[in-house]
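Make a model of the complete structure from these sequences and hints.
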Amino acid sequence: MTPLILLALTAIHAMADEPQPDTKPDAPLTAQVTIRLVRQADVPVRDAGVLAKLSVSEGASVKAGDVLAVLENEQQQLGLKAAMLNLQMATMASENGHAVETAAAQLAHAESARRVSEVALKISKIEADSDVDKRIADAETQLRQLELERAENARRSFKGSVSESQIDRLRTSLEQGKLEIAKAMDDARTKRLKPEAEQASIDQKNDEIRRYDALLKQEKHRLVVAKVSENLQINEVALAELKLEHRNVRAPFYGSVVELKAQVGEWVPIGAPVFRMIDLGTLRAEGFLPLKATATPLVGRSVAIEVMTGAGTKRVTGKVAFVSSEVDPVNQQVRFWADFENPDQIVLPGLKGTLTIE
1 MTPLILLALT AIHAMADEPQ PDTKPDAPLT AQVTIRLVRQ ADVPVRDAGV
51 LAKLSVSEGA SVKAGDVLAV LENEQQQLGL KAAMLNLQMA TMASENGHAV
101 ETAAAQLAHA ESARRVSEVA LKISKIEADS DVDKRIADAE TQLRQLELER
151 AENARRSFKG SVSESQIDRL RTSLEQGKLE IAKAMDDART KRLKPEAEQA
201 SIDQKNDEIR RYDALLKQEK HRLVVAKVSE NLQINEVALA ELKLEHRNVR
251 APFYGSVVEL KAQVGEWVPI GAPVFRMIDL GTLRAEGFLP LKATATPLVG
301 RSVAIEVMTG AGTKRVTGKV AFVSSEVDPV NQQVRFWADF ENPDQIVLPG
351 LKGTLTIE
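Residues in the sequence shown are numbered from 1 upward in steps of one, following our numbering.
Just so you know, these hints were derived from the structure itself, not from any lab. Ideal Cβ positions, reconstructed from N, Cα and C, are used throughout, including at glycine. Hints are all accurate, no fakes.
Label pairs and their in silico Cβ distance ranges:
hint, residue 1, residue 2, range
1, 93, 186, 54 to 60 Å
2, 242, 269, 17 to 23 Å
3, 66, 292, 45 to 51 Å
The list that follows gives simulated cross-link-like pairs (lysine-lysine, DSS-like), each with its CA atoms no further than 25 Å apart:
hint, residue 1, residue 2
4, 53, 261
5, 319, 352
6, 261, 63
7, 191, 178
8, 205, 217
9, 227, 217
10, 178, 134
11, 134, 191
12, 243, 53
13, 81, 53
14, 122, 205
15, 191, 125
16, 125, 183
17, 122, 183
18, 319, 292
This is how it looks when you write it as structure tokens:
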């Protein structure tokens, strides 16, 4: 047999040995997995202090926000009470508007008094410009002068016609008229001074108005400052409440306390863990898949997981949550995991199982 024939026969056998494409549907992907925790935490204190109280023990189920332990907090409680009292005082000061009301009333009264003085000034100016009283006194005095002259003439012409007492009364009346003229002149001088007095009164009222206006602005400013002080005290109360709250150790999530790391009476430094918590409600099945199995997207795909528990085989369902972007250089496998709900908490971390991607 020639070498050419041998070469042809070899090629034919090689083609016959090549695997033919599988026309059957792809079989479900399976992988061996280990059950792991999704959420676990060493729960720390947020402040340093002596552990005063433990509210739970190992194995307890807790909800998010439950108080697990309390540090000594007498100082923080006193700080909160002091802050609340200061806030109460600041609130009373910010709500006390009596001084503003008093200053406003005094300002309004001064403005009203000024208006009265301004009217009085106008009246006094009119009175100061008037000489009616003097003219009346002049006229009456002239009349009395004429009456006295007539009486004296009559007496000289007809002796005994006018008695001496009548003459005396007329002379007295004339003197009275002259005094009334003098009084009218004095009154006129006084009335000319009255506008000056009224103007001085107005100036005084203006000073009072400026003083009360400044006092009103000052009291309003005081109220603004008091309101700012109240807001500062509100923040102080919130800060005191936060300091008191930091003496509590609270559960960060729903789960179980599995380890106690400190005892009552021990000094616990800031950030030190007091409890270890785990969440059995949601678990994770972690394993590896061949590289070729990741050719199609897997995240979000439904999975079925069979786990051998102490009570027998348990079947749960979940979804693929993660497929690594790194390939193991030794075995060419890719790490992945699927999360599933574990409401009855029969499946426990550390168990092995078989996962099937549907």
